[in-house]
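Novice: Okay, here's what each chain looks like letter by letter:
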Amino acid sequence: MEALTDRSVLYALTGAGLIALGFYGFIVRRALIHRLIAFNVIGSGIFLLFGGAAYFGGGVDPVPQALIITGIVVALALTAFAAALGVRLAQDGDEDDDSDDDAEGGP
Amino acid sequence: MSVVELITAALLAIGVFFYFAGTVGILRFPDVHSRLHALTKADNLGLMAIVIAAGLHFGDGWIAGKLALIWLLALFAAGMAAQLVARAALSPEHNA
Amino acid sequence: MMEELFMLAALCVLLSVAGALYRAWRGPGRADRMMSAQLIGSGGGGVAVLIAAARREPAILDVALVLALLAAFAAIAFVKTITRDGAGDPEADTEDGR
Amino acid sequence: MSLAFDLALCILILGAAALAVFGRDLFGSIVFFIVYGVLIALAWITLGAVDVSLAEAAIGAGVTGVLLIGAWQGIRDGGGGEPEAPTPWPLHLAAGGAAAALCGVISFAVLSLPGHDGLAGEVPENQGALELGNPVTGVLLGFRAYDTLLETLVLTAALAAVWSLTPSQFWGGIPGPNHVKPPDGVLASFGRMLPPRGLIVAVYLVWAGADAPGGAFQAGTVLAAVWILIVLAGLRDEPRLSRLPLRALIILGPLVFLGVGLIGMLLGAPLSYPEGQAKPVILVIEYALTLSIAATLALLIAGPARRR
Amino acid sequence: MSLLFALAAAPLGFMLASLILGRRAPHLIWIAAPVMLALAVLVALGASAGATGGPLGGWDAPLGIVLEADGLAAALILASAVTAAITGLFALARFGPAGRETTRRYTFWPLFYGLWAALNAVFISRDLFNLYVALELLSLCAVALAAFGSRKAAMHYLMVALAGSLAYLLGVVLIFASVGTLDIGLIAQRAGDARTPVLIGAALMSAGLLAKTALFPLHGWLPPAHGAAPPVVSALLSALVVKASFFILLRIWFEALPALAGPDMAQAFGVLGAGAVLYGSVLALRQQGLKALIAYSTVAQLGYLFFVFPLAGAGGAVTPWAAGAWGAMGFQLSAHMLAKAGLFLAAGIIIHALGSGTIRDMAGAGRALPVTVLAFGLCAISLMGLPPSGGFMAKYLMLIAALESGAWPYAAVIIAGGLLAAAYLFRPIARFMSGTDTPALQARVHWALPLAPLALGLCALTLGVLSAGPYELMVTGLPQAGEAGLDEVEPGP
Chain A
1 MEALTDRSVL
11 YALTGAGLIA
21 LGFYGFIVRR
31 ALIHRLIAFN
41 VIGSGIFLLF
51 GGAAYFGGGV
61 DPVPQALIIT
71 GIVVALALTA
81 FAAALGVRLA
91 QDGDEDDDSD
101 DDAEGGP
Chain B
1001 MSVVELITAA
1011 LLAIGVFFYF
1021 AGTVGILRFP
1031 DVHSRLHALT
1041 KADNLGLMAI
1051 VIAAGLHFGD
1061 GWIAGKLALI
1071 WLLALFAAGM
1081 AAQLVARAAL
1091 SPEHNA
Chain C
2001 MMEELFMLAA
2011 LCVLLSVAGA
2021 LYRAWRGPGR
2031 ADRMMSAQLI
2041 GSGGGGVAVL
2051 IAAARREPAI
2061 LDVALVLALL
2071 AAFAAIAFVK
2081 TITRDGAGDP
2091 EADTEDGR
Chain D
3001 MSLAFDLALC
3011 ILILGAAALA
3021 VFGRDLFGSI
3031 VFFIVYGVLI
3041 ALAWITLGAV
3051 DVSLAEAAIG
3061 AGVTGVLLIG
3071 AWQGIRDGGG
3081 GEPEAPTPWP
3091 LHLAAGGAAA
3101 ALCGVISFAV
3111 LSLPGHDGLA
3121 GEVPENQGAL
3131 ELGNPVTGVL
3141 LGFRAYDTLL
3151 ETLVLTAALA
3161 AVWSLTPSQF
3171 WGGIPGPNHV
3181 KPPDGVLASF
3191 GRMLPPRGLI
3201 VAVYLVWAGA
3211 DAPGGAFQAG
3221 TVLAAVWILI
3231 VLAGLRDEPR
3241 LSRLPLRALI
3251 ILGPLVFLGV
3261 GLIGMLLGAP
3271 LSYPEGQAKP
3281 VILVIEYALT
3291 LSIAATLALL
3301 IAGPARRR
Chain E
4001 MSLLFALAAA
4011 PLGFMLASLI
4021 LGRRAPHLIW
4031 IAAPVMLALA
4041 VLVALGASAG
4051 ATGGPLGGWD
4061 APLGIVLEAD
4071 GLAAALILAS
4081 AVTAAITGLF
4091 ALARFGPAGR
4101 ETTRRYTFWP
4111 LFYGLWAALN
4121 AVFISRDLFN
4131 LYVALELLSL
4141 CAVALAAFGS
4151 RKAAMHYLMV
4161 ALAGSLAYLL
4171 GVVLIFASVG
4181 TLDIGLIAQR
4191 AGDARTPVLI
4201 GAALMSAGLL
4211 AKTALFPLHG
4221 WLPPAHGAAP
4231 PVVSALLSAL
4241 VVKASFFILL
4251 RIWFEALPAL
4261 AGPDMAQAFG
4271 VLGAGAVLYG
4281 SVLALRQQGL
4291 KALIAYSTVA
4301 QLGYLFFVFP
4311 LAGAGGAVTP
4321 WAAGAWGAMG
4331 FQLSAHMLAK
4341 AGLFLAAGII
4351 IHALGSGTIR
4361 DMAGAGRALP
4371 VTVLAFGLCA
4381 ISLMGLPPSG
4391 GFMAKYLMLI
4401 AALESGAWPY
4411 AAVIIAGGLL
4421 AAAYLFRPIA
4431 RFMSGTDTPA
4441 LQARVHWALP
4451 LAPLALGLCA
4461 LTLGVLSAGP
4471 YELMVTGLPQ
4481 AGEAGLDEVE
4491 PGP
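Chains as they are written, first to last, in our numbering: chain A, 1 to 107; chain B, 1001 to 1096; chain C, 2001 to 2098; chain D, 3001 to 3308; chain E, 4001 to 4493.
By construction, these hints were calculated from the structure, which means they are not laboratory data.
What follows is a set of in silico ranges between Cβ atoms, one per label pair, in the way DEER data are often shown:
id	chain 1	residue 1	chain 2	residue 2	range
1	B	P1030	D	W3207	41 to 51 Å
2	D	R3192	C	G2027	25 to 35 Å
3	D	A3098	E	L4042	41 to 51 Å
4	D	L3246	B	G1065	29 to 39 Å
5	D	P3086	E	I4020	41 to 51 Å
6	A	G93	E	F4426	29 to 39 Å
7	E	R4427	D	N3178	46 to 56 Å
8	B	G1065	D	E3275	29 to 39 Å
9	D	G3096	E	R4024	49 to 59 Å
10	D	W3207	E	I4020	25 to 35 Å
11	D	G3259	B	F1017	51 to 61 Å
12	E	R4444	D	R3307	33 to 43 Å
Chain D residues, not near chain B, derived (Cβ > 10 Å throughout):
id	residue
13	A3004
14	L3014
15	Q3073
16	A3085
17	P3124
18	E3125
19	E3131
20	A3210
21	R3240
22	L3246
23	V3256
24	L3266
25	G3268
Even glycine gets a Cβ: it sits at the ideal position worked out from N, Cα and C.
Using the sequences and the hints, build the whole thing.
Specialist: In structure tokens:
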């Protein structure tokens, strides 16, 4: 119980739990939305672990903070593209309906 | 404990009470529309008390303005969301 | 002393919000779930204000501001799912006077 | 008391994550994901990382949630998705075992960390050269500006990637559905009321970002939310994606950033700022980035064009 | 230093320019190709005298980010610049300027330049987190381009890429938390202080990178994604993208953590590589479609790269041949870039002209498209490892290193892999030459198009003919571990 008095360890372990939870979900869930949620849960779990590990009483070290902000934005970019791809896949399937005008030009 | 601190503490108690009241309402009321009442009204009262308590605690005009902005935003958002959700709840698809 | 009091209040608000989330989990309707977006907005904002006061750190208030602003955003997006494509006006069918 | 709060918060975070990942109903899962995002933002507050908290509140809870709602709707209307084939139990067992092992290994690694000061000492030492009060902004736009440059281009590339999914007959058209416009409804009046306030908050965040928590990404996200709110309320339609001013707006921020890096290169060191002028240059980059990030995020959420 | 920044910044600038130019964006490649080639040549000239680079913005590690190009990086930058430039020019046929803007004619170019920028950024970065951002840019562009062919395959690819980047990111976080720096050089000095968490982090990073490199048995996503995409895209994905994650793997184990890599790990990488060579080749033999065959061949050829771990790294390999194994890997990386891109482009022309993608329907293609089939043959020579090609140099050096260090199972796999490659590539070539009549072409092929795969095939060949120069470059600035074996390196002071 002594470890839990330390805030940083508590959050780092929560991060570890989130990673495991998201990992399980990423594998067993099939729906794209669930997988994207799992992806984001793992991502924020990693960041929380990072924040916990870089916490020094007064606050989190600014370098990890900047890295985490960068990571959040990158995760958002990937999520946005995955969502758009999933929607297009659900709406039009895999058949290539729209390359006619491009394919004329050449290989 | 000074008078200001006493008032702050009292406001905090009021705020927490309203939040709890809202929660009880959400859990116990029988249908969507009454639950909506509980949520939007009680919670915003709770937030108001908390915001005033925090304003007293900070004792700074600029911060008090920011706190007021937070509360107003939450209030408007709650009012609008309550309206929209209430109407949405009438559509059959949403209760599926 | 006051710090402890503010944190206690924050804990209480957090627990109260958590209790209310039971409704979002149980449903039964989608409307109940939509409400929770609003709930977490006002509840989360309240907790952020309380922590800001407890630590005397006004910068934290900005988080409360953003949470309040974006709670409305999510609520609208939820309500918009009522119609196909989300294009419809959620107010349309039930309005009689306008 | 503080510890009790931390414990409660961590338990709630784990619970919300579990409900979001394992909920039966997709809609409910998205709701809990938003709840989860708010709770994570609170966790960052208690860790004293207000910059991250702002980013998480704006992006994790706000924008990602709305993005997922849109995707859920699109997949549902496309007739795909909802009934999920049950996964076989051996997979559950294997995945559960692997997840437990992963959790154990990571926890073990965390507990065996040696504990050191990281770079906490280095940043304040060097921050003076940048004349910024906020160390996080100093790292983002000073010491690790190259990361930030690449990151903004990841966003731009994501937009190009999303656009590449446009059905050919709609290329250059308008994204999103055509929102019905009730001129005097609740939504419309709210849509008229909120944007100016959102604008103020955004300007404040980027202005404060130099010396207090805030910055281009947080402010850009708030601006993007305002943009989308205006569209959802039916006040203005999304712009046509083939419009030149729109495209110029998207590349403005990265272009300014890249340009400053290249000018630095000509003056000696790439991505360095002229001595004594660091702060104004960084502010110019921040403002340009805020505008571009806002446009890019709003268009990312809107998705590819769906109408001519 | 400035040169290295320009190497990443220039394609980023082209990416932004192509977004605003719209209909006229395709013309940009006429500027981009020479500019990027010139930059790559300058970097290679600079690096041949020793590793070049420095901190960005005047902020040295651990606070700032350091860029550096050693010999191998410079060689790969040059090979990828040649590949990307020629592929980009070839892309004008399909994604070139047209009367009006279309989805793909517009979006291909920013994604192409983004991919190129990310690739260069990976080759020059010395910072683990910066590598993560660059890798994400690369994956994003690659998946979006793969979706040009099959959205379903792209989705599968995306899921693997997402999982891979999370694993990598977690590893980066653990390593930073353990040693307090992200710089590869500093990690090598400090890793001894916290072996356990660093090792766990490195294992996670490796797992993620292996999935992104499509090493057997994590290769499942690659053949559908690479096989279904338009030929230009397949060329980019197969030749360039998978190399980036492998390159980061090299950086981690040979430069950041050489002292922590045991012989068991090196052998494990080698065994997986051998599995990839054999399994990929056998599956390539069984493919009916020409592009599917080439895609499976990528799985096999990637396997060879991993032999560098046991041959240049494993305990007991303290031989002069360790440097040979390192050079062999460099040759394999660059020769495969050139040859694989050439194969996909040539296959694209054949499929486009004949209107069918199955090998059975391609009888007589050699008479209808002589230059294209010649190019196909030249690239195939390099892939099979026949002299005097770059691929020959790769396999020859690797074989020598394997025999000299007594690792004869690897030697056997290398020989078997070469024979299998000859078998699966001979099948389509025999088909092109079979029959007596010339098939009617379904579509006209611009006369200049076959020159692109021909140029790539000739480059792959030249790499073998003029092997001394490239070899010198690739082993310049060779990490100590590549010379002395992974576990022979003592942790720094």
